[in-house]
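Residue numbers (the numbering used here), protein chains in the order written: chain D, 1 to 269; chain B, 270 to 440.
Simulated from the structure, these hints should not be mistaken for lab results. Mixed in with the good hints, there may be bad ones.
[Stated by the list, open to error] Covered stretches of chain B, going by a simulated chain D footprint (3 or more residues, C-beta under 8 Å):
(1) 319 to 325
(2) 339 to 346
[Stated by the list, open to error] Within a straight-line C-alpha distance of at most 30 Å, the following computed DSSO-like cross-link-like pairs (lysine-lysine) qualify:
(3) D:107 - D:117
(4) D:216 - B:403
(5) D:104 - D:58
(6) D:102 - D:216
(7) D:107 - D:58
(8) D:216 - B:436
(9) D:57 - D:107
(10) D:151 - B:403
(11) D:150 - D:216
(12) D:192 - D:216
(13) D:155 - B:403
(14) B:401 - D:216
(15) D:192 - D:102
(16) D:57 - D:192
(17) D:104 - D:150
(18) D:104 - D:117
(19) D:216 - B:331
(20) D:49 - D:155
Ideal Cβ positions, reconstructed from N, Cα and C, are used throughout, including at glycine.
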Amino acid sequence: MMQIKPIKMIKHTVLALGLFASVSLYTTSVYAAPSSNVVWTSEMRSLIKNADAANGKKIVDGFCVRCHGVDGSDIEPIEEEDTPYLFGQNPYSILKQVIDFKDKKRKERTMTANVRKITTEEAADIAVYYAAQPLPMATFKTSQVTAAAKKLAEKGDGTRFVPPCAGCHGQNGEGSIVDVPALAGQSSSYFKLAMTEYQDGERENDIYSRMRFIAKQLTEQEINELADYYAAIGEYNVKMKALEKEESDGPEAPDKPKAPKAPTKPTAD
Amino acid sequence: MHVDATEKKWVILSFAMAIAMMGILTAYALNKNIHPPSNVEIIDSTTLHLSDEFNEDNLGIKQAEDGSLTITMVAARYGFFPHNMTVPVDTPVKIRIASADVLHGIHTANTNFNTMIVPGYISEVNTTFRIKGKHPMFCNEYCGLGHDYMWSQLNVVSQEEFIASLKKGDE
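Build out the structure end to end from the sequences listed, making use of the hints.
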């Protein structure tokens with residue numbers, strides 16, 4: 001008959017009990033509420049599809065412009081901006097954020113108070129109005145964008161499980177289905193604020209901690225450089241506006257440069 | 270019907286190759302314990318984050334009623350959640366994984382953990398990880414622009430290290 005050494009038996013028993021106790025302790029962690037209650041059912045999507053942009057404009061003109069500005073940008077000086085540019089934004093993204101503010105899944109004193117005054121349908125109207133506007137002007141020069149930021153945005157960093165920003169936010173920063181926000185031309189100071197809030201866990205309405213995880217992998221310098229990168233992408237709008245002005249002012253110049261391709265706005269069908 | 274002798278040889282060779290390949294695949298599958306998943310369980314992918322089992326705070330490793338370990342994971346563009354998993358070596362583990370958006374696949378190098386993750390279904394795999402070390406987990410079904418970057422890490426450790434990692438996580 002095989003003899004079992006007492007010391008080995010005790011060691012195995014202790015290990016087994018330790019494993020059981022540790023796992024039990026681990027699994028009894030407190031259940032927290034989901035990051036967001038938003039679910040993109042066909043009913044929710046139809047809010048955007050059936051939204052009234054004209055009504056959205058009325059609400060924006062009388063309400064949202066106080067902070068988000070008449071051109072969808074912040075009314076504060078660039079370096080003090082803490083509200084996002086909303087022109088050209090993915091409408092599903094705007095609607096999700098408003099619902100998250102309403103549900104207190106995203107906490108910001110001013111917005112939490114303001115969104116109580118509007119219905120979800122009105123939020124969809126606002127979202128569609130903003131989405132129909134051109135992306136914001138660039139606030140940073142493309143020539144000053146670092147190669148590291150471009151690489152991070154386009155290639156990511158597999159060693160840190162950081163996927164490229166373009167994978168979700170679009171190759172031109174135009175946003176993507178369903179509610180991934182556009183980043184092109186976004187205020188760099190707001191970009192930094194949002195990423196810092198994800199890093200610190202102050203903002204936690206990203207389902208499955210996607211952005212919290214990514215933000216925690218990035219250094220402050222990388223966030224700053226990415227902010228400048230996306231602020232610079234809006235520069236193509238400057239060119240677009242210049243071209244439009246040329247077209248409206250007079251006949252087409254013989255050596256007129258070709259208009260840059262505008263990013264396709266995301267649609268969720 | 271007349272069949273040319275050369276053609277007959279090629280027909281026999283073709284059939285023989287097909288049978289040989291089926292034999293190799295069967296032997297390999299039996300030897301490595303590779304088999305299609307038998308569990309069929311449906312779930313609404315759009316409300317996955319609101320469900321009890323696949324809620325963000327319930328992901329990770331848990332102990333089932335029978336004492337075995339269960340890993341609950343979510344695949345969503347472009348990552349597996351949680352990103353880092355630590356499991357004990359030579360211990361039976363049940364892995365339950367669901368997709369929050371589109372079709373994904375998961376393959377863990379150096380193990381027999383390889384399954385498709387179909388939206389609307391829960392994929393369940395029972396396995397035992399035999400090789401200690403850090404094993405990459407890849408998405409092996411094209412799922413979008415970030416597919417190339419959809420990977421996570423499985424860390425197979427000794428039972429002592431596993432207990433220590435859980436205690437560290439609780440602090």
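Now the hints, each set against the structure:
Coverage of the region 319 to 325 of chain B by chain D holds. Counting CB-CB distances below 8 Å, 3 residues qualify, and the rule asks for three or more. With 3 residues bearing a CB less than 8 Å from a CB of chain D, the region 339 to 346 of chain B meets the requirement of three and the coverage assertion stands. Taking the CA atoms of residue 107 of chain D and residue 117 of chain D, the gap is near 16 Å; set against the 30 Å cutoff, the hint holds. Annotation: proposed proximity of residue 216 of chain D to residue 403 of chain B holds, straight-line Cα distance about 21 Å (limit 30 Å).
Using a Cα cut-off of 30 Å, the hinted pair residue 104 of chain D and residue 58 of chain D holds, with the two alpha carbons roughly 25 Å apart. With a C-alpha separation of about 26 Å, the suggested pairing of residue 102 of chain D with residue 216 of chain D holds against the 30 Å cut-off. With a C-alpha separation of about 26 Å, the suggested pairing of residue 107 of chain D with residue 58 of chain D holds against the 30 Å cut-off. With a CA separation close to 22 Å, the supplied pair residue 216 of chain D and residue 436 of chain B stays within the 30 Å bound.
Using a Cα cut-off of 30 Å, the hinted pair residue 57 of chain D and residue 107 of chain D holds, with the two alpha carbons roughly 25 Å apart. Restraint check: the Cα-Cα separation between residue 151 of chain D and residue 403 of chain B comes to about 26 Å, which is no more than 30 Å; the hinted pair holds. The suggested pairing of residue 150 of chain D with residue 216 of chain D holds, with an alpha-carbon distance near 19 Å, which does not exceed 30 Å. A C-alpha spacing of about 13 Å is found between residue 192 of chain D and residue 216 of chain D, which places the hinted pair at or below 30 Å, so the restraint holds.
Pair hint residue 155 of chain D plus residue 403 of chain B holds up; C-alpha atoms about 23 Å apart against a cutoff of 30 Å. Among the hinted pairs, residue 401 of chain B with residue 216 of chain D is consistent with the structure: their alpha-carbon atoms are about 27 Å apart, no more than 30 Å. For the proposed pair residue 192 of chain D and residue 102 of chain D, the alpha carbon gap of about 24 Å is at most 30 Å, so the pair holds. A C-alpha spacing of about 28 Å is found between residue 57 of chain D and residue 192 of chain D, which places the hinted pair at or below 30 Å, so the restraint holds.
Only pairs whose Cα atoms come within 30 Å are accepted, and residue 104 of chain D paired with residue 150 of chain D is rejected, the gap being roughly 34 Å. Taking the CA atoms of residue 104 of chain D and residue 117 of chain D, the gap is about 14 Å. The hint holds against a cut of 30 Å. With a C-alpha separation of about 25 Å, the suggested pair residue 216 of chain D and residue 331 of chain B falls inside the 30 Å cut-off, and the hint holds. Distance check on the hinted pair: residue 49 of chain D and residue 155 of chain D sit about 33 Å apart at the alpha-carbon level, beyond 30 Å; violated.
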